[in-house]
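Trainee: Chains A and B are the protein sequences, given in the same order.
Everything in the first sequence is counted per this note's numbering, starting at 1 for the first residue and increasing by one.
Everything in the second sequence is counted per this note's numbering, starting at 1 for the first residue and increasing by one.
For the record, the hints were derived by calculation from the structure and aren't laboratory data.
Check the hints yourself; a few may be wrong.
Claimed, not checked - Derived pair list, reagent style DSS-like, types lysine-lysine, alpha-carbon separation capped at 27 Å:
hint : chain 1 : residue 1 : chain 2 : residue 2
1    : A       : Lys168    : A       : Lys231
2    : B       : Lys267    : A       : Lys134
3    : B       : Lys296    : B       : Lys75
4    : A       : Lys151    : B       : Lys75
5    : A       : Lys151    : B       : Lys307
6    : A       : Lys297    : A       : Lys271
7    : B       : Lys6      : A       : Lys208
8    : A       : Lys166    : A       : Lys195
9    : A       : Lys130    : A       : Lys170
10   : A       : Lys271    : B       : Lys267
11   : A       : Lys271    : A       : Lys151
12   : B       : Lys303    : A       : Lys40
13   : A       : Lys155    : B       : Lys267
14   : A       : Lys134    : B       : Lys307
15   : B       : Lys307    : A       : Lys373
16   : B       : Lys303    : A       : Lys271
17   : A       : Lys151    : A       : Lys211
18   : B       : Lys6      : A       : Lys166
19   : B       : Lys346    : A       : Lys155
20   : B       : Lys311    : A       : Lys373
21   : A       : Lys399    : A       : Lys470
22   : A       : Lys151    : B       : Lys243
23   : B       : Lys303    : A       : Lys170
24   : A       : Lys62     : B       : Lys6
25   : A       : Lys178    : A       : Lys195
26   : B       : Lys25     : A       : Lys155
27   : A       : Lys399    : B       : Lys267
28   : A       : Lys285    : B       : Lys307
29   : B       : Lys75     : A       : Lys271
30   : A       : Lys373    : B       : Lys208
31   : A       : Lys178    : A       : Lys155
32   : B       : Lys267    : A       : Lys151
33   : B       : Lys39     : B       : Lys208
34   : A       : Lys168    : B       : Lys208
35   : B       : Lys49     : A       : Lys155
36   : B       : Lys307    : B       : Lys294
37   : B       : Lys49     : A       : Lys309
38   : B       : Lys267    : A       : Lys309
39   : B       : Lys208    : A       : Lys271
40   : B       : Lys303    : A       : Lys373
No experiment lies behind these values; they were computed from the predicted model shown.
Now for the letters of each chain:
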Amino acid sequence: MKLGFIILAHSHPAAIRRLTDILATDGDTVVVHFDSSASKADQQAVAQLATERPEQIQVLSKVHCVWGEWSLVEAVLLALRAFATMPNPPDFIHLMSGADFPMRPISQFKEFLARNPHRDFIECFDISQKSWVKGGLSLERFLFYFPFNFKTHRKAFDRVVRWHRKLKIKRRMPLRLKPRMGSQWWTLRWSTCEKVMKYTSDHPEVPKYFKSTWIPDESYFQTIVGNIIPKSEVVNLQMMFHHLTPSGRPYVFYNDHLPVLRRLPHFFIRKVSPEASVLWENIYKSDGRPHRVPTLKFLVKARDLARRKIDQNHTFTTSVPGHLDAWYGPELRAEKRPIILLLLTNDTHLSDLEELTRQNPAFCWLGRPFAPKALRMPSDTLARMGMSRETWEVRDFFKQQFIHYLHLSTPASQIPVAAILPIEDQPDWLALNLLEGVLPIMMTGLSENPQILSRIYSTLQLSSIRLLRKMVNVDFDHLSQVFDKIREHPQAWLEREIRAQYIRDSLLPNDPETSHDSEACAVPTRHEPIHRSGA
Amino acid sequence: MLSLTKFCNRLMQRRKRRFWHPVVKEMKSRAERSWPNLKPVQDRTHLIKPGARLLMTMGRDENSRLPYFLEYYRKLGIDHFLVVDNQSEVPMADILANEPDVSLWSTDESYVDTRFGVDWMNALLGKYAVGHWTMTVDLDEFFVYPFMGQRSYGELLSHLDDSEKQSFFTLLVDMYPQGSIASAHVPLGESPLEHAPYFDRLGYYTLKGGHEDTWTRGGPRLRAFNAENYAAAPALNKIPLVKWNRRFAYHLSTHVAYPTFLNHAHKRNHCPTGALLHYKFVSSFREKIDHAIKNKNHYNESKEYQKYLDKLKRSENYSLFSPISEKYYGPESLIQANLMTAGAWK
Numbered sequence: 001m002k003l004g005f006i007i008l009a010h011s012h013p014a015a016i017r018r019l020t021d022i023l024a025t026d027g028d029t030v031v032v033h034f035d036s037s038a039s040k041a042d043q044q045a046v047a048q049l050a051t052e053r054p055e056q057i058q059v060l061s062k063v064h065c066v067w068g069e070w071s072l073v074e075a076v077l078l079a080l081r082a083f084a085t086m087p088n089p090p091d092f093i094h095l096m097s098g099a100d101f102p103m104r105p106i107s108q109f110k111e112f113l114a115r116n117p118h119r120d121f122i123e124c125f126d127i128s129q130k131s132w133v134k135g136g137l138s139l140e141r142f143l144f145y146f147p148f149n150f151k152t153h154r155k156a157f158d159r160v161v162r163w164h165r166k167l168k169i170k171r172r173m174p175l176r177l178k179p180r181m182g183s184q185w186w187t188l189r190w191s192t193c194e195k196v197m198k199y200t201s202d203h204p205e206v207p208k209y210f211k212s213t214w215i216p217d218e219s220y221f222q223t224i225v226g227n228i229i230p231k232s233e234v235v236n237l238q239m240m241f242h243h244l245t246p247s248g249r250p251y252v253f254y255n256d257h258l259p260v261l262r263r264l265p266h267f268f269i270r271k272v273s274p275e276a277s278v279l280w281e282n283i284y285k286s287d288g289r290p291h292r293v294p295t296l297k298f299l300v301k302a303r304d305l306a307r308r309k310i311d312q313n314h315t316f317t318t319s320v321p322g323h324l325d326a327w328y329g330p331e332l333r334a335e336k337r338p339i340i341l342l343l344l345t346n347d348t349h350l351s352d353l354e355e356l357t358r359q360n361p362a363f364c365w366l367g368r369p370f371a372p373k374a375l376r377m378p379s380d381t382l383a384r385m386g387m388s389r390e391t392w393e394v395r396d397f398f399k400q401q402f403i404h405y406l407h408l409s410t411p412a413s414q415i416p417v418a419a420i421l422p423i424e425d426q427p428d429w430l431a432l433n434l435l436e437g438v439l440p441i442m443m444t445g446l447s448e449n450p451q452i453l454s455r456i457y458s459t460l461q462l463s464s465i466r467l468l469r470k471m472v473n474v475d476f477d478h479l480s481q482v483f484d485k486i487r488e489h490p491q492a493w494l495e496r497e498i499r500a501q502y503i504r505d506s507l508l509p510n511d512p513e514t515s516h517d518s519e520a521c522a523v524p525t526r527h528e529p530i531h532r533s534g535a
Numbered sequence: 001m002l003s004l005t006k007f008c009n010r011l012m013q014r015r016k017r018r019f020w021h022p023v024v025k026e027m028k029s030r031a032e033r034s035w036p037n038l039k040p041v042q043d044r045t046h047l048i049k050p051g052a053r054l055l056m057t058m059g060r061d062e063n064s065r066l067p068y069f070l071e072y073y074r075k076l077g078i079d080h081f082l083v084v085d086n087q088s089e090v091p092m093a094d095i096l097a098n099e100p101d102v103s104l105w106s107t108d109e110s111y112v113d114t115r116f117g118v119d120w121m122n123a124l125l126g127k128y129a130v131g132h133w134t135m136t137v138d139l140d141e142f143f144v145y146p147f148m149g150q151r152s153y154g155e156l157l158s159h160l161d162d163s164e165k166q167s168f169f170t171l172l173v174d175m176y177p178q179g180s181i182a183s184a185h186v187p188l189g190e191s192p193l194e195h196a197p198y199f200d201r202l203g204y205y206t207l208k209g210g211h212e213d214t215w216t217r218g219g220p221r222l223r224a225f226n227a228e229n230y231a232a233a234p235a236l237n238k239i240p241l242v243k244w245n246r247r248f249a250y251h252l253s254t255h256v257a258y259p260t261f262l263n264h265a266h267k268r269n270h271c272p273t274g275a276l277l278h279y280k281f282v283s284s285f286r287e288k289i290d291h292a293i294k295n296k297n298h299y300n301e302s303k304e305y306q307k308y309l310d311k312l313k314r315s316e317n318y319s320l321f322s323p324i325s326e327k328y329y330g331p332e333s334l335i336q337a338n339l340m341t342a343g344a345w346k
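Start from the sequences, fold in the hints, and give me the full structure.
Mentor: Structure below.
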């Protein structure tokens with residue numbers, strides 16, 4: 001079997017030399033199309049390759065290739081014509097860019113192609129069935145005229161597209177071709193390439209039409225192959241592994257990716273950094289790897305799995321300083337650990353509560369973190385947050401971040417307990433509301449004054465109804481019991497039903513008001529009498 | 001034959017508007033004013049090749065930091081250094097004369113009058129750095145970025161080029177020793193990292209700034225010296241790495257650049273961010289404080305330095321170490337502490 005490679009490149013002659021050293025062996029031929037607008041030194045360096053090995057390497061440098069324009073297709077057609085003039089043309093043509101690199105020895109690639117001699121490997125999607133493009137124009141690439149390049153004249157490009165949409169311009173494909181789209185890079189049989197070339201010269205209206213479509217390199221070969229080659233002979237697959245970033249650019253692979261890439265069964269990789277010397281020295285060697293010719297199905301499966309893994313690897317944290325404008329919503333929502341808020345009417349019992357909490361090693365006493373004009377918190381907790389009593393201004397300004405830090409600074413094995421006096425303190429109720437594990441406990445027995453209690457309720461009701469719905473009313477004497485229960489099942493206690501049942505069963509067994517009320521912990525509305533268990 | 005596309009593109013090129021931001025205009029005129037005062041001591045700028053990576057720095061009486069600074073940034077991949085010597089007692093030329101990749105200017109202008117060196121920066125960058133990726137740092141700042149050991153500086157720059165970014169955001173991370181500040185003596189030519197390897201892993205606060213920048217304060221300088229008034233703490237957001245254009249200018253040191261899109265370029269498309277390790281808190285710190293207070297040559301008449309002095313006076317063995325300190329092992333420590341992110345550059 002004889003292979004032909006077309007390399008489209010515009011820079012890095014050293015990388016092209018590396019590539020051709022691997023590809024142009026064993027009787028295979030390489031045609032390099034080097035951008036005509038590249039610097040003279042680079043062009044000479046690439047032309048040198050052809051003079052060194054004229055039998056195997058041919059260098060063309062005729063077209064100035066511009067992204068998204070016809071010139072890229074023209075360069076490929078020129079390279080194909082160069083193959084046609086050779087005395088014995090190859091069996092398969094593989095189109096690749098200068099930044100691609102083989103991931104396996106070429107002999108294995110040949111073995112694979114020898115097993116599939118009657119197939120063309122080209123991504124060619126029927127866009128009327130399924131969208132292939134990640135954002136941006138899809139079918140409209142064929143329907144509109146594109147006088148401006150998106151990269152250089154973005155605004156003009158967008159305006160022209162808008163006009164087309166408004167005027168409902170729809171061009172018709174010549175010869176009733178069905179539009180197909182797919183990646184620019186393919187592996188085709190020589191017979192197919194000949195058919196495409198013949199089709200191009202027989203029907204000059206087709207290239208003329210594609211010259212004014214957008215990104216014809218992703219549709220020209222795909223459309224013609226999809227229309228003239230039987231469907232059974234076309235495989236919607238690439239011999240090369242590549243993946244796009246969220247912003248739609250191909251990933252570049254570096255030295256540190258070597259162990260990951262080793263596991264892929266694909267024959268080529270796009271793109272390799274030209275400086276990643278460890279990667280390109282080692283990746284195409286087969287040292288020690290078991291060689292099995294991959295099936296078509298396996299190639300698809302491995303590609304999808306690898307792409308999914310890369311996507312999963314992206315944890316785009318927003319809490320990086322500088323990436324964020326005082327909005328810690330995602331961080332707060334991600335926090336699943338419970339945090340107990342003791343709502344008090346006055347601070348007379350604060351020391352008792354602290355003592356009670358400190359007796360229990362499963363809890364971490366945070367003091368009164370939202371006290372006005374001071375951080376009334378234990379000094380060790382403050383030190384763990386990198387704050388002092390005087391930094392209350394920071395707390396008031398960065399409320400959400402402060403709550404995030406409250407969680408971060410608590411040891412992982414402990415449940416934080418904070419006291420809040422809703423009359424005086426002004427915590428960010430909305431931020432507290434975002435916390436999944438927040439558990440407000442209303443210390444009802446500590447207040448004799450129902451007016452104060454109702455004021456607290458109305459404060460909460462105004463700011464955060466969800467917090468109110470979670471609220472539990474507990475007597476001071478029963479607090480240690482509640483703590484024990486929470487320690488046993490910290491996550492379960494966040495369930496509303498369990499809280500209600502617990503209070504119904506154990507805390508208030510004799511209370512006639514709540515024994516038949518399934519929602520004992522439910523919040524009394526303004527019209528209902530406020531229930532106080534201690535009274 | 002000229003295609004329709006090419007014809008339209010050429011038309012557009014001709015009528016492309018030349019927009020100059022008013023702030024840039026003002027900064028440029030200031031830079032022009034201070035340009036004659038910059039006296040070239042050794043001008044090797046003819047050695048700057050197209051595509052070279054430049055570094056711009058300035059200093060006063062910080063000669064002891066120079067040898068390691070040059071070594072670190074040469075290893076990183078900087079091709080040429082542009083240095084401004086501002087009235088050093090021992091001229092920098094004594095050390096830099098034999099360095100082939102350093103161009104040196106000296107000036108007698110006051111640091112305060114030139115917007116803390118911004119005018120010198122804009123003058124030199126506008127003259128020599130147009131079209132180059134340029135780093136602008138102080139002599140005690142060391143640039144780090146994600147995957148630093150495995151991926152080269154050039155690979156970072158080509159990633160930024162690919163994603164059409166013209167600037168790179170970094171967080172200024174203050175480093176300090178475990179013991180007292182005075183005990184961390186850095187010998188000449190040695191890495192300060194070994195002598196001051198700790199940083200704060202928590203306590204950095206970010207808001208929207210007035211120049212579409214990210215207003216970031218925090219670290220030990222907020223915790224220890226500005227606890228009562230966080231707004232007075234020094235800014236930690238920096239844009240040190242810019243692919244310079246003649247329409248760009250620095251405005252407030254390297255914290256804010258104009259046009260303002262340079263200040264928030266990192267927020268879109270999951271761009272990576274880096275960090276500048278700041279080795280202020282080593283044994284030479286006391287010296288620097290005395291110097292700053294005597295000359296009043298820093299921001300807000302060196303008031304920040306007065307705060308440092310008050311704390312240091314209280315105890316000779318003043319240490320910044322605290323429960324939130326974490327040892328720096330490499331860029332991964334900063335990524336783990338969420339002070340830096342690789343974004344989509346994975």
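Trainee: Among all the numbered hints in the text so far, which are the ones the structure does not match?
Mentor: 1, 3, 4, 5, 8, 12, 14, 16, 19, 23, 28, 31, 33, 34, 35, 37, 39
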